[in-house]
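Undergrad: So the sequence shown is numbered by my numbering: it starts at 1 and just counts up by one.
Bear in mind the hints are in silico, worked out from the structure with no lab data behind them. Mixed in with the good hints, there may be bad ones.
In silico BS3-like cross-links for lysine-lysine, where the CA-CA straight-line distance does not exceed 25 Å [said to hold, decoys possible]:
1. K122 - K192
2. K2 - K122
3. K187 - K169
4. K14 - K86
5. K187 - K2
6. K169 - K2
7. K2 - K86
8. K14 - K169
Cβ pair distances, simulated, as ranges [said to hold, decoys possible]:
9. I239 - M170: 39 to 45 Å
10. E100 - D33: 16 to 22 Å
11. R227 - R84: 39 to 45 Å
12. E107 - T173: 31 to 37 Å
No residue lacks a Cβ here, since even glycine has one placed at the ideal position from N, Cα and C.
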Amino acid sequence: MKYSIVIPIYNEEKNLPELYRRISAILNRMDGDVELILINDGSRDRSLQILRELHQQDSRICYLSFARNFGHQIAVTAGLNFARGKAIVVLDGDLQDPPELIPDLIEQWRQGYQVVYAQRTKRHQESWLKKLPAFLYYRILKHLADVDIPIDTGDFCLMDRCVVDVLNKMPETNRYIRGLRAWVGFKQTAIKFEREPRFAGDIQYTFAKSLALAINGLVSFSKVPLRLSTYIGLFAACIALLMACLVLYWRIFYPDSPLTGL
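Build out the structure end to end from the sequences listed, making use of the hints.
TA: Structure follows, in structure tokens:
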């Protein structure tokens, strides 16, 4: 198997037909064997039924189905463990990651790069309430992280077999794949692209999920939160010790005076 394409799916029944149309047009032009791995992350709509139908009509398609929603990063991880290709592409199923970039990713891989990540230069039809936090977060993470995590990147990328083998051996359960991808090293480069609006349906990655992923990325790849919590704990302990000393002093030297105001 030469290429694997891994796509996590969560409530994407409105996007799957268009996703397959665009992906299959690319697969038909690719040289070598290709497998398309779709991971149903506990969808509550007709996504699983559509995946079964696509699998029956196209032998290149295989799918995994979770009993419940485990989250985007776990779904991608499952796909990476299942992939057999020499080059593995990861992209989202809402078509904000354009499948038409796959040949460009492959071309960079052929030139010797082992990780080719897609870097966003623009986000179409997103409000400033979403753009501003994302803009600030990626730059804060880059400044605080102990590894060089490229700004404005998601999980849309191509990874060589050797990179995926390393990721699959890592024991982390709370995964931040774009951080792990940067941490493992290897020869990496970027492909610039403008992120398209969601093709159809509602956004499945809620603010709460985005916040949890952001915190996980920051805590996993920076010592600053741990150091900050340590300093706060030491400061609180010093204040408590000082108060205890004051109370003890008061009880020894002013035993008959009531202790108030502390």
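Undergrad: All hints, please: hold or fail.
TA: Evaluated hints:
At roughly 9 Å between alpha-carbon atoms, K122 and K192 fall within 25 Å of each other, so this suggested pair holds. Proposed proximity of K2 and K122 is contradicted: the alpha carbons are some 31 Å apart, above 25 Å. At roughly 19 Å between alpha-carbon atoms, K187 and K169 fall within 25 Å of each other, so this suggested pair holds. For the proposed pair K14 and K86, the alpha carbon gap of about 31 Å is over 25 Å, so the pair is violated.
A C-alpha spacing of about 20 Å is found between K187 and K2, which places the hinted pair at or below 25 Å, so the restraint holds. For the suggested pair K169 and K2, the alpha carbons sit about 21 Å apart, so the restraint of at most 25 Å is met. Between the alpha carbons of K2 and K86 the distance comes to roughly 5 Å, so the proposed pair stays at or under 25 Å and holds. Proposed proximity of K14 and K169 is contradicted: the alpha carbons are some 35 Å apart, above 25 Å.
For the hinted restraint 39 to 45 Å between I239 and M170, the CB-CB distance of approximately 40 Å keeps it satisfied. Hint check: E100 to D33, Cβ distance near 21 Å, so the stated range 16 to 22 Å holds. Remark: the range hint 39 to 45 Å for R227 to R84 is upheld by a beta-carbon distance near 42 Å. For E107 paired with T173, a C-beta distance near 34 Å keeps the hint of 31 to 37 Å intact.
Hint violations for this structure: numbers 2, 4, 8, all remaining hints satisfied.
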